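From first to last, the protein sequence lines are chains G and R.
Each step along the first sequence adds one to the number in the working numbering, with nothing skipped, and position 140 is 140.
Each step along the second sequence adds one to the number in the working numbering, with nothing skipped, and position 40 is 40.
Simulated from the structure, these hints should not be mistaken for laboratory data.
Note that the coordinates shown come from a computational prediction; the quantities given were computed from them, not determined experimentally.
Treat the hints with care, as some may be off.
It does not matter which identical chain is meant; a pair holds if it fits inside one copy or across any two.
[Claimed, not checked] The calculated BS3-like cross-link candidates involving lysine-lysine, where the alpha carbons are at most 27 Å apart (straight line), are:
id, residue 1, residue 2
1, Lys8, Lys274
2, Lys146, Lys187
3, Lys246, Lys274
4, Lys59, Lys77
5, Lys3, Lys146
6, Lys51, Lys146
7, Lys189, Lys217
8, Lys86, Lys217
9, Lys51, Lys77
10, Lys151, Lys187
11, Lys3, Lys189
12, Lys146, Lys189
13, Lys187, Lys207
14, Lys104, Lys275
15, Lys217, Lys196
16, Lys51, Lys15
17, Lys208, Lys8
18, Lys50, Lys104
19, Lys233, Lys79
Protein chains: 2
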Amino acid sequence: MEKIINGKEISKKIKEEIKKEVGGFPSKPSLVVIQVGNDEASNIYINTKKKACIEVGIKVYHLKYNENVAEEFLIEKIKKLNNDQKIDGILLQLPLPQNLNATKIIKHIDPSKDVDGLTSANIGKLMNNSNGLIPCTPLGIMELLKAYDVKIEGKHVVIVGRSTLIGKPLISLFLNNNATITICHSKTKNLSEYTKQADILVVAVGKKHLINRNMIKEGVIIIDVGINRVANKLYGDVDFSNVLDKVSLITPVPGGVGPMTVTMLLKNVVNCYKKRHHSE
Amino acid sequence: MEKIINGKEISKKIKEEIKKEVGGFPSKPSLVVIQVGNDEASNIYINTKKKACIEVGIKVYHLKYNENVAEEFLIEKIKKLNNDQKIDGILLQLPLPQNLNATKIIKHIDPSKDVDGLTSANIGKLMNNSNGLIPCTPLGIMELLKAYDVKIEGKHVVIVGRSTLIGKPLISLFLNNNATITICHSKTKNLSEYTKQADILVVAVGKKHLINRNMIKEGVIIIDVGINRVANKLYGDVDFSNVLDKVSLITPVPGGVGPMTVTMLLKNVVNCYKKRHHSE
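One chain only, chain G, in its complex shape (with noise of 0.2 Å):
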C-alpha cells in the first residue's frame, strides 16, 4: 500500500464536491481577504486562495491595506462586512504587521462569519464539540486521516506544537475524536521521550528536520505541518526520506498538508453560506 499521504488528490477530490455543490446554490457564496502590508508569503497564499475560490465559484474579494492602516480603521471596516448581508466569510490574512494587534482586530469578526475559526466563541465551540467553524489546516488534517481510514479512538497521538491556528485546535479534534493526546512545545524536556510514544504523530513547529528516525516508533502515521523554506527550496519538519521506511503513513512537503488548508477554507465558506441561507 502507498505510505505517502496524497493531499493534492484528496484535495482534489474535495474541490470538484463543493464546485458541484455551490452551483446548485442560487447565488454565489463569497469571502472577503484583508491583507495589510505587502508580505511576500502572503502575496503567494492569497493568490491560491483567490484561484481555489474562483475554481469553485466563490466570488472572492480582496482588500489591501497600507501597512500604515489604523487598526480602528481595520475594526470598522470588519464591522461593516458584518452586516453585509452578501459577505458570507471574512478572512484576515496573518501576519500582520508589527504595529497592529491581531487579537484586538480578530476579536470583532463575527463568530458566523469567521471562516479561520479564530475567535473566542468557534475555538469554545470547537473545545465543547459543538457546531462552529474549525481552524482549515486541522480541519485538512483531520479530512486526510479520514480519506486514508485512519482509526483516531483509542490511538496515541502526540501534537508538538500548541499554536492557536494548529496545535492548540488540533487538540480538541483528536479529543473529540477519543484519541489519548500528548502536547509538546518549545519547552518540553526530552521531546523524543514523547515522539516515540505516539501512533500518531502532528509536527507543527517550523523547524526543518526536527523530527528524524530515531524519534519515532515502527509504523507511526506521521503528519508534518511545517512549511520551512531554505534556498527557494521547501522542508517539512520531519526529515522524509531519512523517517520514510519506518512510518506507515506521512504527509510529504509540499503536497500533503498544504492543498488541504486552501480546499477547507472553501468548505468553511460553503458552511458559513449555508448557515446564513437556512438551507443546511
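Position chain R against the provided structure of chain G, taking the given hints into account.
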C-alpha cells in the same frame, strides 16, 4: 515537609483576603444561583456556596424552580439577569433535570457574568490565554499548586478525565503554564502507562480508588478531584493511604480540592464586580 495539601487552610486564607477586599468596595458584589429541581447533592453544594458568599460580604440570591420549568422561561430569566445592573454573577447549578438542555441554556449567560466559565467565549479565551472567567475547580487546583510553590513549566502533567468543567479547562491552564500535557479518558488504553509518567497527576473521573501505587512514579504530585460517596463516606479517585508514601504531595478527599472550588467562585464573582465597576 508536610506532603498532604491543606485545601481548607489555603481556602480560608484566600477567603479572608477576599473579605477584606470586598469590605473596601462601595457596594456589595452580587451572585444569582439558579437551581432547577431538588437534587440532594445540589442542595448541599448551594448551601455551601451561599454560606461562603455571606461570609465574605457577597450578596447571594437563590432562585429555585420546579423541575417542570420550561427551558424558554429559564432563558428569559437569564436574559433579564444579564441586563440587571445590580447582578454581577450568574450561576446555573448543574446537573439540570434530564428534560432541560444545559448547553442551550448556558449559551445565553452573558460571558462577563459567567462565574462558572462555561460559555464558549470564556472557554475560547482560556484557550487563548486571554483574560476571561475560568471554571472554579481548575482555577482552585492552580491556586493550590501555587500555594505549595510547585513549578509547572516543563513538567509532564497527566490529566485523567476530560469533562467540560475540569479536564478540558485544565489542559488550557497547564498549557498556559508551559507544561507538557497528556490527557487520558475512558477510551484510553493502558491508563497506567500514562499515569506512571506523570510529574503532576490530576485525576477527575469519579471512580473510587481508580489510581493505586502501581500506577504512579516515585515523587509524583497528585491532585485528586474525585468525590465518591459510598455509605455516606467520601472517597477520592486515588487510593490515598495506598499511595501516600510514594508521592511528594497529594490532596486529600475531603479537604483538598473541594474547599477551593467554592472559594474560587467567590473570586470570580469579585472579578466580575471589579470589571463592571472598572476598578481593576
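Verification of the supplied hints:
1. When the C-alpha separation of Lys8 and Lys274 is checked against a cutoff of 27 Å, the pair qualifies only within one copy, where the shortest distance is 26 Å, while the shortest distance between copies is 53 Å.
2. Taking the shortest Cα distances, Lys146 and Lys187 sit within 27 Å of each other only across copies (19 Å), while inside one copy they are farther apart (31 Å).
3. In this assembly of identical chains, Lys246 and Lys274 lie within 27 Å of each other by CA distance neither inside one copy nor across copies; the values are 43 Å within and 57 Å between.
4. In this homomeric assembly, Lys59 and Lys77 come within 27 Å of each other (Cα to Cα) only inside a single copy, at 18 Å, whereas the closest approach across copies is 42 Å.
5. Taking identical chains as interchangeable, the C-alpha atoms of Lys3 and Lys146 lie at most 27 Å apart only when both belong to the same chain, with a minimum of 15 Å there against 47 Å between chains.
6. Only within a single protomer do Lys51 and Lys146 lie at most 27 Å apart by alpha-carbon distance; the minimum there is 26 Å, versus 52 Å between protomers.
7. In this assembly of identical chains, the alpha carbons of Lys189 and Lys217 lie at most 27 Å apart whether taken from the same copy (19 Å) or from different copies (17 Å).
8. Taking the closest pair of Cα atoms, Lys86 and Lys217 never come within 27 Å of each other, the shortest separation being 51 Å inside a single copy and 59 Å across copies.
9. In this homomeric assembly, Lys51 and Lys77 come within 27 Å of each other (Cα to Cα) only inside a single copy, at 24 Å, whereas the closest approach across copies is 49 Å.
10. In the homo-oligomer, the alpha carbons of Lys151 and Lys187 lie at most 27 Å apart only across protomers (13 Å), although the nearest pairing inside one protomer, at 30 Å, exceeds that limit.
11. For a Cα distance limit of 27 Å, the shortest separation of Lys3 from Lys189 across copies, 26 Å, qualifies, whereas the shortest one inside one copy, 30 Å, does not.
12. Taking the shortest alpha-carbon separations for Lys146 and Lys189, only the inter-copy value of 21 Å comes in at or below 27 Å, while the best intra-copy value is 32 Å.
13. With identical chains, the CA atoms of Lys187 and Lys207 are at most 27 Å apart within one copy only, with a shortest distance of 15 Å there and 32 Å across copies.
14. Taking identical chains as interchangeable, the C-alpha atoms of Lys104 and Lys275 lie at most 27 Å apart whether they share a chain (26 Å) or sit on different chains (18 Å).
15. Taking the closest pair of Cα atoms, Lys217 and Lys196 come within 27 Å of each other both inside a single copy (5 Å) and across two copies (20 Å).
16. In the homo-oligomer, the alpha carbons of Lys51 and Lys15 lie at most 27 Å apart inside one protomer (12 Å), although the nearest pairing across protomers, at 59 Å, exceeds that limit.
17. In the homo-oligomer, the alpha carbons of Lys208 and Lys8 lie at most 27 Å apart inside one protomer (22 Å), although the nearest pairing across protomers, at 50 Å, exceeds that limit.
18. In this assembly of identical chains, Lys50 and Lys104 lie within 27 Å of each other by CA distance solely inside one copy; the values are 26 Å within and 37 Å between copies.
19. For a Cα distance limit of 27 Å, the shortest separation of Lys233 from Lys79 qualifies neither inside one copy, at 40 Å, nor across copies, at 56 Å.
Taken one by one, the earlier hints fail for this structure at numbers 3, 8 and 19, listed in ascending order.
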